[in-house]
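Chemist: Residue numbers (the working numbering), protein chains in the order written: chain A, 538 to 638; chain B, 3 to 498.
Incorrect hints may appear among the rest.
One side of the interface only, derived from the structure: several residues of chain B facing chain A at Cβ under 8 Å [to be verified]:
hint	residue
1	144
2	164
3	189
4	237
5	474
6	477
No wet-lab data here; the hints were simulated from the structure.
For every residue, glycine included, the Cβ atom is placed at its ideal position computed from N, Cα and C.
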Amino acid sequence: MSNELIEFVLVSVALLAIGIYGLSVKRNAIRLLFSIEIIVNAANLNLVAFGRFIPNSAGQTFALFSIAIAAAEVAVGLGLIIVAYRMYKNIDIADFKSLKG
Amino acid sequence: MIDFTSTPIILIALIGSVGMLLPVINIIRKDRGSTSFYGAIALVTLIVAAGFIAYQIFTDNVASPAIFSEDVLVDDTFGSFFAIVVLIVAILTVVGSFSYMRNQSYPAVYFSLILLSSIGMILVAYSTDLVMLLVAWELMSIPTYVLAGFMKKNPSSNEAAIKYFLFGALSTAIIVYGISIAYGITGSTNIGEVIVGFASLDASMVPLGLLATALFIAGFGFKMGLVPFHMWLPDAYEGAPPTIAALLAAGTKKVGFAAALRVIVMGTIALNLEWTFALGIIAIMTMTVGNLAAIMQKNLSRMLAYSSIGHAGYILIGLSIAPFSSIGIQGSLFHIFNHAVMKGAAFIAVAAIAITLASTHLDKIKGLGRRMPITSIGLVVSLLALAGVPPLNGFWSKLMLFGSAIDAGSVVAWAPYLAVAGVLNSALSLAYYGWIIRKMYFEGEDEKRVKEPKSIIAVMIFSVIFMVGIGVYPDPFIQFAGTAVPSLNISSMLSP
Numbered sequence: 538m539s540n541e542l543i544e545f546v547l548v549s550v551a552l553l554a555i556g557i558y559g560l561s562v563k564r565n566a567i568r569l570l571f572s573i574e575i576i577v578n579a580a581n582l583n584l585v586a587f588g589r590f591i592p593n594s595a596g597q598t599f600a601l602f603s604i605a606i607a608a609a610e611v612a613v614g615l616g617l618i619i620v621a622y623r624m625y626k627n628i629d630i631a632d633f634k635s636l637k638g
Numbered sequence: 003m004i005d006f007t008s009t010p011i012i013l014i015a016l017i018g019s020v021g022m023l024l025p026v027i028n029i030i031r032k033d034r035g036s037t038s039f040y041g042a043i044a045l046v047t048l049i050v051a052a053g054f055i056a057y058q059i060f061t062d063n064v065a066s067p068a069i070f071s072e073d074v075l076v077d078d079t080f081g082s083f084f085a086i087v088v089l090i091v092a093i094l095t096v097v098g099s100f101s102y103m104r105n106q107s108y109p110a111v112y113f114s115l116i117l118l119s120s121i122g123m124i125l126v127a128y129s130t131d132l133v134m135l136l137v138a139w140e141l142m143s144i145p146t147y148v149l150a151g152f153m154k155k156n157p158s159s160n161e162a163a164i165k166y167f168l169f170g171a172l173s174t175a176i177i178v179y180g181i182s183i184a185y186g187i188t189g190s191t192n193i194g195e196v197i198v199g200f201a202s203l204d205a206s207m208v209p210l211g212l213l214a215t216a217l218f219i220a221g222f223g224f225k226m227g228l229v230p231f232h233m234w235l236p237d238a239y240e241g242a243p244p245t246i247a248a249l250l251a252a253g254t255k256k257v258g259f260a261a262a263l264r265v266i267v268m269g270t271i272a273l274n275l276e277w278t279f280a281l282g283i284i285a286i287m288t289m290t291v292g293n294l295a296a297i298m299q300k301n302l303s304r305m306l307a308y309s310s311i312g313h314a315g316y317i318l319i320g321l322s323i324a325p326f327s328s329i330g331i332q333g334s335l336f337h338i339f340n341h342a343v344m345k346g347a348a349f350i351a352v353a354a355i356a357i358t359l360a361s362t363h364l365d366k367i368k369g370l371g372r373r374m375p376i377t378s379i380g381l382v383v384s385l386l387a388l389a390g391v392p393p394l395n396g397f398w399s400k401l402m403l404f405g406s407a408i409d410a411g412s413v414v415a416w417a418p419y420l421a422v423a424g425v426l427n428s429a430l431s432l433a434y435y436g437w438i439i440r441k442m443y444f445e446g447e448d449e450k451r452v453k454e455p456k457s458i459i460a461v462m463i464f465s466v467i468f469m470v471g472i473g474v475y476p477d478p479f480i481q482f483a484g485t486a487v488p489s490l491n492i493s494s495m496l497s498p
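Pulled out of the complex, with its shape left as it was, chain A reads as follows (with noise of 0.2 Å):
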């Protein structure tokens, strides 16, 4: 097994694929949701995989800060839509279409 720089790379945008693949198919709030979050960790693989090489420590830093932050949003974002799941029993958005000009 090799271990090199470009594995990470390669793993990292694939993650990055499938996030952007969800983002633009799916319409369920929750989905859209878990690709945002696909995306935060093709990036904080980035940044584990960089500072192994470079080699520093501020790459791990971060991702841990990254991750941090991710979990808040996360939940933050999770009331939002368990609210928009009680008002309209669905929490597809191409129904949110109460806002248009």
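Given chain A, put chain B in place with the hints provided.
Modeler: Just chain B now, with coordinates in the frame of chain A:
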């Protein structure tokens, strides 16, 4: 080493601790109402913070503007300038909320979130490390997601919050990915070291540097409302409570430009001077799309939201010609300052209309000048200032921006076209602002005067004095913006 007497640290201790304590006080007091009690605490905190920054500036305790520092936070006039802007906006929002939040539940949480979001905005402006920048960016964003959906029973507030949240989270993800690439090719998260690394990149790595800069433009551009990253903005501003729309349009959007100046402008300059052309193209697209779409709107909040997209384009003119003209960034900063007050006042006038008339549809504001005279005068003055009518403050900052674009024409051939586009767009914007004014004063039957919310009258009087005052005597504020202009010389950093 952290200096515990520097401005940002003291502001964190002051605003952050009061913001955290407000819900605790609410639990201890076991009450649900009393908006004015919690509002007063928040207001006093913000005024003390603004006074502290003004004291620091007048006693020259603040360093001259440095884009870069080895610390994570730098105590410079660039950050202090944005901190003053944010605090003025937060004070306007809190005072406007005294009326808007009356009889609404959870006032303590509401004011606490406003304070936390303001400290986040202030820290974005002071931060010189990408880790700090991201943390402050999220501290600014996450409370505003909740605030946008604060009216839980209102479907449009809910929908606005979900759209705003999804695009906000996506912008964060893009920023993190951009930072990961910037870290990968330069080996540091300190903004100064990243920029110096960009300037001395290997030729094979330059495309990656451009990719990182493009990701930063996309990520920060979502919050700034640049075209083509603006689609969430009208929905979010229309559905959110109008006081929060004021905070978003005048606060978070302006702070995006602080981050953009530190990261995007410096990054493009470091990579290749010609790339600021891309910012010029985005500027023209942003102002044209914003103003054209604003003409077709039927809702006052939505029209103001599109107009704020247009103003993001004007501000971007100064950033795109920054390396070629000495007054470009000064004009941008001055317009940021003016636009924060103008748009804040306009949205809070909309809040007054929403309270008394329960709708912000354009048909409902017929004869508003006779129903709510003071709110109407505030709205008219801020609309005229937004259009850039002399002698109001918007005129001077637009004059500086367009003048600097023509000035830069001696260096780069495309710069004067930015000024042409800006002047045409200003004329266009006067059309729809004039339409609102016409509806308010020259249409409708003999309406009776209704009672206007008291705290909003205070905001209107303050902002009218402010806008006319700066318009008549702009010199000290132009100089204040001038002291905040950072040096863009990267080569001086390369040779220590």
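Chemist: State for each hint whether it applies.
Modeler: Hint check:
1. 144: At 5 Å from the nearest chain A Cβ, residue 144 of chain B passes the 8 Å test, so the hint holds.
2. 164: 6 Å, holds
3. 189: Nearest chain A Cβ about 5 Å off; hint holds.
4. 237: With a closest approach of 4 Å, the residue 237 of chain B hint holds.
5. 474: This interface hint is violated because 36 Å lies over the 8 Å limit.
6. 477: 40 Å, violated
Of the numbered hints stated above, those contradicted by the structure are hints 5 and 6, listed in ascending order.
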